[in-house]
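Sequence order for the protein chains is A and B.
Going by the working numbering, the first residue of the first sequence is number 33, and it counts up by one from there.
Going by the working numbering, the first residue of the second sequence is number 178, and it counts up by one from there.
Be aware that one or more of the hints could be misleading.
Below, simulated DSBU-like cross-link-like pairs (lysine-lysine); rule was C-alpha separation at most 30 Å, straight line [what the hints assert, rightly or not]:
(1) B/193 to A/244
(2) A/274 to B/193
(3) B/394 to A/274
(4) A/274 to B/321
(5) A/340 to A/244
Simulated from the structure, these hints should not be mistaken for lab results.
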Amino acid sequence: MILTVLDDSPAALDVLAFAQSLGQPVEAVTFGGGDPDDLAKRGVSTLHRITSDELADYAPAASGEALLRLIEQVRPDGVLAVSSDRVTEAMAHAATLARLPLATNCVEVTTGDPWLLTRVRGGGMLLEEAELTADVALLTIAQGVSGEIGAGPVASCEVREFTPELTATQARVVERTSRGSGMTLATAPVIVSGGRGVGSADGYAVLEELAKRLGGVVGCSRVATNNGWRPHSDQVGLTGTKVTPELYLACGISGATQHWVGCMDSKVIMAVNTDPEAPLVRRANYAVIGDVHEVLPAIVKEIDSRSKT
Amino acid sequence: MEVLVCVKRVPAPGAKVPLTDDQTEIDTRYLGHTIGPHEECAVEEAVRIVKAHGGSATVLAVGPAAADEQLRYAIAMGADRGVLVDVGDAELDPEATAAAISHAVGDTRYDLVLFGTESADASHYQVGIRVASALGVPIVGGIKGLELDTAVDDGAVSLRREVADGVEVYRLPLPAAAAVKEGLNLPRYPSMPGRLKAKKARIDVVPYTPEPGGLRKVRLRQPNDDREEAIVLGHGADAAPAVVDVLTQIGVIA
Ligand SMILES: Cc1cc2nc3c(=O)[nH]c(=O)nc-3n(C[C@H](O)[C@H](O)[C@H](O)COP(=O)(O)OP(=O)(O)OC[C@H]3O[C@@H](n4cnc5c(N)ncnc54)[C@H](O)[C@@H]3O)c2cc1C
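Only chain A is shown next, with the shape it has when bound in the complex:
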């Protein structure tokens, strides 16, 4: 049996389908939540719901401990989890307590002894083929996988509440603030992003102007962050944010791999760069060869003149 660790993100359903395509019975576990009717339609007959009032107020160590107690009880052959930060951290704690290995960010999985895996390294820079030898295979599944739902719908999905005793309670949440409704890099439909080629903090004014007209936000490369031109929350890339907008407009950004892996899943990529040989110019869908500070003002002007007519 394979146990899937789900949350309420859309990616969770991909992980479920991916797990079902491995050809073994699949059960689900959530940290609260989960819709049994929907799971029944997807062929899942058991939902383990870890419920503990305290869980949300403790660090992921407590979630990991709870998850391990469930694993010990239901004894799956493998555990496939969504790869959100929170669930990954819980899986790492479970693996640590159990003294088991953990393979994170998997995209291909073959069960067996050992399990054969392909995992994503460096945010998508490279793929690693690996073997996992363990009594219970613990995996997190990278975003963007898919699979065919192996099982037809079942009549009903039984919900089994699971309330473990927790000891990993040293780290406690003392404050929580929710995000405002403003657009972020992760949700913006358009990102006008600037790198070293923008030249200065003030140079971003024209990027802001263009982003405003396109209903988007401004992003940047690590050079811009390191120079103090932009806050780190604007940084796209391996150690910044991974973005997937409709349009990624990269201005004066060369396209180092660590930047590329953060923007490569954008629907359309357009590059503005003085260097026609820059990697991002070659990999983009569209390119303009030229100076950011000549090209961008001209685009803004063109948009404004068309909107007047």
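Chain A is fixed; fit chain B with the ligand onto it per the hints.
The following block gives chain B with the ligand in isolation, referenced to the frame of chain A:
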């Protein structure tokens, strides 16, 4: 305040990521190396903590002898001393890396142990958690804000992180650990005196023979990149009409 920072030596590839002939490593013959960016912020934070509260900052790297370069960089940033756990050239799995760190720490007591949330190359997301568990201290990851409270008995640390719908702040009694993310602070560039000090600093080398864990790397491969060459819309300001045509066509201008 005794602070330990664990850093990893990682390759710094450019636009391409070349592989060795046997496809098991990044070919680093023509590449530079660097401290993982998350860990660079951890070093910066440790230096600031020591400046504010006294004590000392130790940096530790598990890796080849060449990781000396990264330890000296951290010392040039202001760390006090370095420990190199020399495990040779082969990449370790996360269980083995964590065991190597725990071995080197031994009985030394640190008030705060800092890691990067995940390494920039292998991205395993677990070494800090495994070490914290071995040392018997609590840990939270993804940290972008850190505040020490030395007014209470043994001290405590508040750790702030961004989550899907906002911000969470945790409070941990010391000794504690945190796995941090880039954005925690803006790391300084080493000063000239810092570089001179680092050149002469002593690095303690701890030899260690790792036991492999249950995850074995077999080989690396490049992801598919089936993008076609870009369509060049024009040069300079003259390209603007063609650009706006495309923006309209893909629906980002009404
Ligand atoms: C472990 C690690 C993690 C990293 N993580 C990230 C990350 O998350 N995000 C990230 O961005 N980087 C990251 N980096 C850094 C990355 O390797 C590059 O150094 C960085 O992306 C380069 O930024 P850039 O393109 O702005 O600068 P450069 O590489 O210097 O490129 C500047 C570009 O601007 C062009 N240009 C110059 N002047 C003009 C002008 N007037 N008009 C138009 N074009 C102009 C140039 O032709 C060039 O192509 C990481 C590096 C490492 C080692």
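Against the structure, the hints:
{"no.": "1", "hint": "B/193 to A/244", "in the structure": "violated, 34 Å"}
{"no.": "2", "hint": "A/274 to B/193", "in the structure": "holds, 19 Å"}
{"no.": "3", "hint": "B/394 to A/274", "in the structure": "holds, 25 Å"}
{"no.": "4", "hint": "A/274 to B/321", "in the structure": "holds, 17 Å"}
{"no.": "5", "hint": "A/340 to A/244", "in the structure": "holds, 16 Å"}
Going down the numbered hints, you'll see the structure goes against just number 1.
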